[in-house]
Amino acid sequence: MIRFDNVSKVYPKQTRPALRDVSLEVEKGEFVFLVGSSGSGKSTFLRLILREERCSHGQVHVLGKDLARLSNWKVPQMRRQLGTVFQDFRLLPNKTVAENVAFAQEVIGKSKGEIRKSVPQVLDLVGLGGKEDRMPGELSGGEQQRVAIARAFVNRPKLLIADEPTGNLDPQTSVGIMKLLDRINRTGTTVVMATHDQNIVDQMRKRVIELEKGRLVRDQARGVYGYQH
Amino acid sequence: MRAQFVLSEIGVGLRRNLTMTFAVVVSVALSLALFGGSLLMSDQVNTMKGYWYDKVNVSIFLCNKSDAESDPNCAKGAVTEDQKKSILADLNKMDVVQKVVYESQDDAYKHYKEQFGDSPLASSLTPDQMQESYRIKLKDPQKYQVIATAFDGRDGVQSVQDQKGILDNLFGLLNGMNWAARAIMALMLVVALMLIVNTVRVSAFSRRRETGIMRLVGASGFYIQAPFIMEAAVAGLIGGTVACGFLVIARYFIIDHGLDLSHKLNLINFIGWDAVLTKLPLILATSLLMPALAAFFALRKYLKV
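In order, the protein sequences belong to chains A and B. Heads up: the first sequence begins at 1 in the numbering used here, then just goes up one per residue. Heads up: the second sequence begins at 1 in the numbering used here, then just goes up one per residue.
Just so you know, not all the hints are guaranteed correct.
What the hints assert, rightly or not - Partner residues aside, some chain B positions facing chain A, computed with beta carbon under 8 angstroms:
hint, residue
1, F205
2, R208
3, E210
4, G212
5, I213
6, L216
7, V217
8, A219
9, G221
10, Q225
11, L280
12, A292
To be verified - Derived BS3-like pairs (lysine-lysine); straight-line CA-CA distance at most 25 angstroms:
hint, chain 1, residue 1, chain 2, residue 2
13, A, K13, B, K76
14, B, K304, A, K95
15, A, K65, B, K304
To be verified - Sample of chain B residues with no beta-carbon within 12 angstroms of chain A, all distances over it, derived:
hint, residue
16, D95
17, K143
18, V191
19, M214
20, S220
No lab work stands behind these hints: they were computed from the structure. Glycine included, every Cβ here is placed at the ideal spot set by N, Cα and C.
Start from the sequences, fold in the hints, and give me the full structure.
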């Protein structure tokens, strides 16, 4: 699903690489936590998967494709098989819940009939059935994140990238979001989630990848957030 | 792609930047009106040049029957074959003459018809009212006076005219105006393009949330850019339509009504409606494509796809 071979990333005008010689593989259907302090390279790692950036050295394979060899005009096709969720939700404030989810289908040219069918379905899945016509501003943070997850999942991606999805949420709400992501994972979708939330990582007991100053320092199946000292 | 979705995005975009859109429309309208005006001015000059303008420097007009009655230069009657022969012989002897062409009354009638078409004056003319003439090309166009002194007042000669010299002053003026129009047009065009680039930048910035999400869910580059490009094209097309309106109104008021030059200067042949109408598609196409291209290149800089 994802393979990094000796990947380094140096941003222009910076001497210290954001990622150094990272090699790892994520299999189909896995749930992976990406942990590390701020500036450890988590965001760069995710941006490389989304091909927002290209790596400086090494190779990044996502969904079996070498991203360095993927031409620019094919990137959208690749991204349609990926779902993304962010800490700040990134919803359109002037569109309703249903419209926000439908937007992800409209812009890739799905038919109206298809949209009418899949939007209520995915909203039910994330537990927002009955709130189709609310505006994002009327919803709680947790609900907004559910809308964002619905939008990320409505096109049934093979891979879901979540960048601190619980970063703005209280612990109780976070647990709900994690249950939802776990449910999505169980449908066969690979989930890669960057997080700072120690409780969640410790509770879920999933694979943990830790980055420190751009290096891969830990890759542990059924891991916890940090080493117990 | 769903047209309805794209169209609604365009509407939203244009309304969001109403002042900017207005500025684009005005600058495109002005620059293209000047562009069209300059094309029409060139047409006008060409229309006025007539058949002989680019071919000869000096014309010797010979007396015809009606000149013999009205013109003191032709008091001795219409030109005779002998007079014509001696004029031609003298012309051929002169060093400054490069080429002489004889224009018969029938030829003159034909050329006049070609230039003035079916204006009221032309339709009342008959070939025998036309003048025969010798059209002379000089080795050095400045030597016009040599011909004038040699043939002015000679029997059978009605007048010697440096037609090109007379017209050149007028054409010089028109050309000057034309270049001024083009310079202003170029300036307005630059302004229009900069406004479009800026509009696109503002538009891209104010919609970065939408475009960011579009990018993440895998909308194609074309799909993301289309609303911006169409926005610029629509604004441009409105400007182009206004420019066309300007030209039509200008033709109407300057030549036919208002200033009414076609009656006040009835010896000058003015451009017709066909000249104006054939320019309109060119202007509309330019108004559509130029802003679209400008937007396309602006997006490469300001919108990550």
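Margin query: Need the list of violated hint numbers for this structure, in ascending order.
Written below: Hints 1, 2, 10, 11, 12, 13, 19 and 20 contradicted; others consistent.
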